[in-house]
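Q: Work the whole structure out from these sequences, hints included.
Number of protein chains: 2
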Amino acid sequence: MELSEALKKLNDLEAKEFAYNHALGILSYDGETSAPKGGAEPRGRTMGILSGEVYKLSTGEEAMRILDALREHMDELSEGDRRRVELREKSMRELRAIPQEEYTGYQELLNEVSAVWHEAKVKSDYPMFEPYLGKIIDANRRFAGLVAPDMDPYNYCLDQYEEGLTKERCDEFFGELRREIVPLLERVKAAPQIETGFLSVDFPLEDQRKLSNRLMERIGIDRRYCGIGEVEHPFTTNFTKWDVRITTNYDTRNFLSSLYSVVHEGGHALYELGGEDRDMYTSLCGGISMGVHESQSRFYENVIGRSREFIKLIYPDLVLLCPALGEHTPEELYRAANVAAPSLIRTEADELTYSLHIMVRYEMEKAMIEGGVKTGELPDMWNALYKEYLGVDVPDARRGILQDSHWSGGGIGYFPSYALGSAYGAQLLAKMRESVDIYGAIAAGDLSPVNGWLREHIWKYGRLKKPTELMEAAFGGPFDPHYYTDYLQRKFTEVYGLDKC
Amino acid sequence: MELSEALKKLNDLEAKEFAYNHALGILSYDGETSAPKGGAEPRGRTMGILSGEVYKLSTGEEAMRILDALREHMDELSEGDRRRVELREKSMRELRAIPQEEYTGYQELLNEVSAVWHEAKVKSDYPMFEPYLGKIIDANRRFAGLVAPDMDPYNYCLDQYEEGLTKERCDEFFGELRREIVPLLERVKAAPQIETGFLSVDFPLEDQRKLSNRLMERIGIDRRYCGIGEVEHPFTTNFTKWDVRITTNYDTRNFLSSLYSVVHEGGHALYELGGEDRDMYTSLCGGISMGVHESQSRFYENVIGRSREFIKLIYPDLVLLCPALGEHTPEELYRAANVAAPSLIRTEADELTYSLHIMVRYEMEKAMIEGGVKTGELPDMWNALYKEYLGVDVPDARRGILQDSHWSGGGIGYFPSYALGSAYGAQLLAKMRESVDIYGAIAAGDLSPVNGWLREHIWKYGRLKKPTELMEAAFGGPFDPHYYTDYLQRKFTEVYGLDKC
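Protein chains in written order, with our numbering: chain X, 1 to 501; chain E, 1 to 501.
Hints in this document: simulated from the structure, not taken from any laboratory. Worth double-checking, as some hints may not be accurate.
Covered stretches of chain E (chain X as the covering partner; in silico rule of three or more C-beta atoms under 8 angstroms from a C-beta of chain X) [stated by the list, open to error]: (1) 9–19; (2) 31–45; (3) 97–108; (4) 220–226; (5) 241–250.
Using 25 angstroms as the maximum straight-line C-alpha spacing, the simulated DSS-like pairs for lysine-lysine come out as follows [what the hints assert, rightly or not]: (6) Lys8/E - Lys56/X; (7) Lys37/X - Lys460/E; (8) Lys123/E - Lys135/E; (9) Lys189/X - Lys500/X; (10) Lys37/E - Lys460/X; (11) Lys37/X - Lys210/E; (12) Lys16/X - Lys16/E; (13) Lys9/E - Lys465/E; (14) Lys16/X - Lys56/E; (15) Lys167/E - Lys387/E; (16) Lys56/X - Lys465/E; (17) Lys56/E - Lys9/X; (18) Lys189/X - Lys491/X; (19) Lys37/X - Lys16/E; (20) Lys366/X - Lys135/X; (21) Lys56/X - Lys210/E; (22) Lys56/X - Lys16/E; (23) Lys431/X - Lys465/X; (24) Lys37/E - Lys135/E; (25) Lys16/X - Lys90/X; (26) Lys460/X - Lys8/X; (27) Lys56/E - Lys8/X; (28) Lys37/E - Lys16/X; (29) Lys210/X - Lys210/E; (30) Lys210/X - Lys37/E.
Ideal Cβ placement from N, Cα and C applies to all residues, glycine included.
A: Rendered as structure tokens:
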């Protein structure tokens, strides 16, 4: 096969894979946002059939022939096309190692579990969810063994979400975080506490919806290409850079919950919206890893969204939509939005204790995949870890082990990327400040210098570079978690006036 | 091929076609309800690729082989399987007559036009829409010529939506309606007018959403299997009997608009929800024709929804959600909901003048397909027909030729089925009253006797019978439009007290 023919066929193949994945993505998004509950079974059948077609396309003889032809011309390929070959080889290795029936069956299982998890969470009924979690753990272990028999199975799981991440790196990273965060949290707990009662003001649904639109505009999201949906557990999904969806969950007595969901998911969306047109419909399109993705979302949520300047910026909108908030100053709101305290729910956790929630899940996942714990014992393990790391008693499964959707969606190995992303974000902040007046830009209500920097250093690359390579180029050096712990020390010392205690 | 093997292969083929059509349906529904505007292009690509796959499946050699095998065993087939063969033969004849590139290109065109029509309507800009309408008319004419070269092209279009419907039957039917409705409308216009000003009370969006849920419950929709979305122009779509979606459009100053959209679309939904489990994932699943579908939706909207008993039934809900309505009696509301007067917008037209709006579109479609009018002249023709039939002056294209989505979605030949459906509904009412106390059931707030009758006579059959055969069996005799004109005479004589004038 000639090079030009092989490249043409590669484009056609990836365009077709895109179409199937697009349809699968919309089916899933619709299932989360709009579909009636009873539609889960037909949706599962449809997704199983379409997943099977993707599998055949991606691992079939034609895909092999294209790859073989391209390999013979590696020196003549552009950097992007070389990377496409590399990415396809990796995913083909993974897919070909898993028999098609198992792959399709797993997709159908995940679709079924979604509804079970939702119901189990509402009923706080772990035993209802347990057999499904068991099947998901077994499938993850089995896939790890099939694809990478020489690799530690949990390292395989981690690598799915952040290429190159290992237990060893996590143990070291989380160890460092614990050493810094736990004593800092003790000092925060001992300091005079911040008034937060006014945050539970009644903020009607319709007005919170208006606030979401305003926030998306404030952080520079182009609404022609980004929608917003309402779900139990917020997430972002993207089909192309011209069609991204964020989601949120409204609580009329806790407006900050949706506010920071929108800014967090908005960070994910900006990353996806910021890719290059030329990469659309190819495997170079989209974010490269969960860690890099979370670095963007948590940067917007915390570094931008919880800054004094951002609170001042959105204060007039907040007072317009919810006049009772006008009885408090922007400074009071800033401090209330940065309260740190041990709590039960990860998604509502503050910036300081957030990583402790992640560490609980990291220890749970290691135990699940290494098989050292039975599924029936997982709630006790969860509760014990929350007591140990955060000092709180978990009252029920709804506010305990059933709170997150990740495991029900097959995402074992995902959680550590949240903490890693937060640490990436702090190091990006330090680097960006060398050339961008970040807080000045926020104060001026124009985030384009910030978005421009991130586009130039992160977004535009899509999947061209490996995560470590991408981040080190952006940092101008190796990853260093001290940027993150220093950032937390500085911020919470200031918010709680710890240097004056 | 053995019979059992052929049947197994038929089931597999139809299950796979179902999966692709399900994905296409969800992509389209999402495009109408949730997708950001900029996502139209990638969605069009995806739908083009998936439509191409359906085309290949439905017309390919394997499908031919299955049909050939089944034809050899026609005598041994069940009634349902014989009908499946017949339905496949019809659609295969149609699809095979249209080259694949044209078929796929047309699907992509329709996806593109959807966004153009939405924008053109907002801007009241017919010239923006005109070239696309031209392409759609050309494609319909061309497909008619390819599939049924011996048939009148507009009769082919009509037959797509109501098997066996012809211009001749329409001319006779619409002639009869005009003869009865026009003088009746004149008498109504001369009678003392009904007070309707209070209908434009402010009814907040959130409360109208609650009302929609209550209405769906009132007409007996099982919400486990039916969702509701918000769109510019309401429609119903179904994927299986376990996943149906209705849509509505809220106007805070016109609550009746959404109220009757919900009841109308709810009628469509009940039909789809009422099929037999055993027909799922086969070509027997779903409503048989647009005329039969509209007979259900317009029965719920008008016969049920605009009855004195239904207004009394929902009156407490209305007053609870919108206390200002409590200043008026149920009787005042009943009369206001049944006001008849010439107007501009079909979807807001009353029961009496509705068919006149349809006649305008029928004359337009005949002219479009027969080619007697240029696309540039269509707005003038529209406006002249509105003046002639309804006596109103059309102020702009938004409230004129651009008001409906049907033509932008390729639906030429669809409109007459609305009027036919209304007439079917009146004849169903007459027949059903022989055994069911319809108004007693409504008054008691339990529509199950009505739903049960319709399930038994219409819904459960899915696509097993041809529309005429189905309706004649339900009527216990041939279709007779006098049931409809008599119903209108009786109802509007009573509402306007014409017998006392």
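Q: A separate judgement is required for each hint: does it hold in the structure or not?
A: Cross-check of the supplied hints:
1. 9–19: holds (count 4)
2. 31–45: Answer holds; 11 residues pass the 8 angstroms Cβ test.
3. 97–108: Check failed, 0 qualifying residues.
4. 220–226: holds (count 5)
5. 241–250: holds (count 4)
6. Lys8/E - Lys56/X: Measuring from Cα to Cα gives roughly 22 angstroms; hence the hint holds.
7. Lys37/X - Lys460/E: With Cα atoms ~22 angstroms apart, Lys37/X and Lys460/E stay inside 25 angstroms; holds.
8. Lys123/E - Lys135/E: Within the cut-off at roughly 21 angstroms; holds.
9. Lys189/X - Lys500/X: Answer holds: Lys189/X to Lys500/X is near 15 angstroms, not above 25 angstroms.
10. Lys37/E - Lys460/X: Since the Cα atoms of Lys37/E and Lys460/X sit roughly 22 angstroms apart, the hinted pair holds (cutoff 25 angstroms).
11. Lys37/X - Lys210/E: Status holds; Cα separation ~19 angstroms.
12. Lys16/X - Lys16/E: holds, 17 angstroms
13. Lys9/E - Lys465/E: Satisfied, since the Cα-Cα distance of roughly 23 angstroms is no more than 25 angstroms.
14. Lys16/X - Lys56/E: Roughly 15 angstroms separates the two Cα atoms, so the pair holds.
15. Lys167/E - Lys387/E: Between Lys167/E and Lys387/E the Cα gap is close to 23 angstroms, so the pair holds against 25 angstroms.
16. Lys56/X - Lys465/E: violated, 38 angstroms
17. Lys56/E - Lys9/X: holds, 20 angstroms
18. Lys189/X - Lys491/X: holds, 15 angstroms
19. Lys37/X - Lys16/E: Satisfied, since the Cα-Cα distance of roughly 22 angstroms is no more than 25 angstroms.
20. Lys366/X - Lys135/X: holds, 16 angstroms
21. Lys56/X - Lys210/E: Roughly 46 angstroms separates the two Cα atoms, so the pair is violated.
22. Lys56/X - Lys16/E: holds, 15 angstroms
23. Lys431/X - Lys465/X: holds, 19 angstroms
24. Lys37/E - Lys135/E: holds, 22 angstroms
25. Lys16/X - Lys90/X: holds, 19 angstroms
26. Lys460/X - Lys8/X: holds, 23 angstroms
27. Lys56/E - Lys8/X: holds, 22 angstroms
28. Lys37/E - Lys16/X: holds, 22 angstroms
29. Lys210/X - Lys210/E: Given pair Lys210/X, Lys210/E holds - Cα atoms ~19 angstroms apart, limit 25 angstroms.
30. Lys210/X - Lys37/E: The hint holds at about 19 angstroms.
In the structure shown, a violation is registered for the earlier hints numbered 3, 16, 21, in ascending order.
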